[in-house]
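2 protein chains.
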Amino acid sequence: MEYFYIPELSAEIKEIEISGSEVRHMVKVLRHKPGDEIFATNGRGEEFRLIITRIRTNRAGLKVVEVSKGEREPGHKVALAPAVLKGDKLSLIVEAATELGISEIVPFVSSRVIGRLNPVKLRRMEQVAVSGLKTALRTVLPTIKPVRNWNEFLDRFSDYERVVVAYEEEKDRGVDQVLEPDAKSVLVVIGPEGGFTPAETEAMTAAGGRLFSLGPRRLRAETAAVVATALCLSRLGDLK
Amino acid sequence: MEYFYIPELSAEIKEIEISGSEVRHMVKVLRHKPGDEIFATNGRGEEFRLIITRIRTNRAGLKVVEVSKGEREPGHKVALAPAVLKGDKLSLIVEAATELGISEIVPFVSSRVIGRLNPVKLRRMEQVAVSGLKTALRTVLPTIKPVRNWNEFLDRFSDYERVVVAYEEEKDRGVDQVLEPDAKSVLVVIGPEGGFTPAETEAMTAAGGRLFSLGPRRLRAETAAVVATALCLSRLGDLK
Numbered sequence: 001m002e003y004f005y006i007p008e009l010s011a012e013i014k015e016i017e018i019s020g021s022e023v024r025h026m027v028k029v030l031r032h033k034p035g036d037e038i039f040a041t042n043g044r045g046e047e048f049r050l051i052i053t054r055i056r057t058n059r060a061g062l063k064v065v066e067v068s069k070g071e072r073e074p075g076h077k078v079a080l081a082p083a084v085l086k087g088d089k090l091s092l093i094v095e096a097a098t099e100l101g102i103s104e105i106v107p108f109v110s111s112r113v114i115g116r117l118n119p120v121k122l123r124r125m126e127q128v129a130v131s132g133l134k135t136a137l138r139t140v141l142p143t144i145k146p147v148r149n150w151n152e153f154l155d156r157f158s159d160y161e162r163v164v165v166a167y168e169e170e171k172d173r174g175v176d177q178v179l180e181p182d183a184k185s186v187l188v189v190i191g192p193e194g195g196f197t198p199a200e201t202e203a204m205t206a207a208g209g210r211l212f213s214l215g216p217r218r219l220r221a222e223t224a225a226v227v228a229t230a231l232c233l234s235r236l237g238d239l240k
Numbered sequence: 001m002e003y004f005y006i007p008e009l010s011a012e013i014k015e016i017e018i019s020g021s022e023v024r025h026m027v028k029v030l031r032h033k034p035g036d037e038i039f040a041t042n043g044r045g046e047e048f049r050l051i052i053t054r055i056r057t058n059r060a061g062l063k064v065v066e067v068s069k070g071e072r073e074p075g076h077k078v079a080l081a082p083a084v085l086k087g088d089k090l091s092l093i094v095e096a097a098t099e100l101g102i103s104e105i106v107p108f109v110s111s112r113v114i115g116r117l118n119p120v121k122l123r124r125m126e127q128v129a130v131s132g133l134k135t136a137l138r139t140v141l142p143t144i145k146p147v148r149n150w151n152e153f154l155d156r157f158s159d160y161e162r163v164v165v166a167y168e169e170e171k172d173r174g175v176d177q178v179l180e181p182d183a184k185s186v187l188v189v190i191g192p193e194g195g196f197t198p199a200e201t202e203a204m205t206a207a208g209g210r211l212f213s214l215g216p217r218r219l220r221a222e223t224a225a226v227v228a229t230a231l232c233l234s235r236l237g238d239l240k
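The listed protein sequences correspond, in order, to chains A and B. Numbering-wise (our numbering), the first sequence opens with residue 1 and increments by one. Numbering-wise (our numbering), the second sequence opens with residue 1 and increments by one.
Note that these hints are calculated values from the structure, not bench results. We treat Cβ as the ideally placed atom computed from N, Cα and C, and that holds for glycine. The reader is advised that the hints may include incorrect statements.
[Unchecked claim] A few chain B residues that face chain A, going by a derived Cβ cut-off under 7 Å, partial list only:
1. Gly-43
2. Gly-45
3. Ala-136
4. Leu-137
5. Ser-213
[Unchecked claim] The calculated lysine-lysine pairs, modelled on DSSO-like cross-linking and capped at a C-alpha distance of 27 Å, are:
6. A:Lys-33 - A:Lys-77
7. A:Lys-184 - B:Lys-171
8. A:Lys-69 - B:Lys-86
9. A:Lys-28 - B:Lys-171
[To be verified] Beyond 12 Å from chain B on every Cβ pair, some chain A residues (computed):
10. Ile-6
11. Ile-13
12. Asn-58
13. Glu-66
14. Gly-87
15. Leu-100
16. Arg-116
17. Thr-143
18. Phe-212
19. Glu-222
20. Leu-231
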């Protein structure tokens, strides 16, 4: 199924003209013609069934046939907070986590963070979030929050019903021991390549975070992020 | 913790001289000196504590101080069978799945497979399996099986106590409904980018495979493979 991201769409709109890369993809790659039916989301919770009414160079007219809420959003809000990582790792994480069903990305900086987020990387994260949205046929584009420094990050813990932190030194408790299956909103925290300091772990615990283990094998941060997201969504009943 | 892969090691060996890329990494990157202690695995279930006795250009002498079984292997055998995928996707999957704890990779070809496995890609898969082994501080290097054609692949189902197949059209059952927590050996099957045909799904079911869902959101094959592996290992109690 082809699925387009057209943020200009809203429930009030009956007809719209669009331009840009989605039109190029529609016409040049998928070879759509006037009269064809397509599906799109505005990334704000709505799905649209559309008919292509006309195609001009790089522009297409669309008529809204049906608006719905879609049926594929998870029942729980799961936000992912990865430390800023080196290279392109955050993009890998954002794309997979968006497919899985997260609602927010909350990048943060802790003392052992060595990666940097520049505008190019941020733009790339936004792009792959859109890719993940379209792959997964979702209707809600995850929000990418501004990078939080450590204290700002801790202050945010109270925005969520439950905060769980993947932590290498935790030996006893897995996801099922720290996350209730009926938690309405969850923040899943993944540290940087070098892990958290003991003081940071204490501060997160004091702020209400619960430490959990992903098993005795050491994981790359990007593997840990995707797996922790999946285990939390599964625990909440949103991966079946 | 630094961790080396030295397949020449075995429980009978007391001293050994090694050469090649592991030595370069040991000396040039990690700047080890004679007298330093390092840890290594032979990838066949054993972990070694070693002392560096001497360093020559590209060669190092090592003395075995202690041999153990390591403590980080999962308690269950989980094999991953991904369809041959396009580009470098199998390598991404092999590396993450190795970190997570799989015992085997069983690539197969079904009717909708469009990717190819050439010797370069196979070599790359072997390399990232070693990377995953070292990242995860494992002692067992997963076996990468030869590519199976469809009938050979089905014949292998009987090698495992349970075979589970991630399938987009399955709507009811998640991993927990198809996998018993005490299964000793499991094969986790992931289809190609275009999915399985109905006839293939029937054939897998007839051969004892159980279909399960990863939720209503469409996932890239590489995301599905890593997530399915994680959910199965978690179900077996091996990710906490």
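Hints breached by this structure: 1, 2, 6, 8, 9, 15, 18, 19, 20
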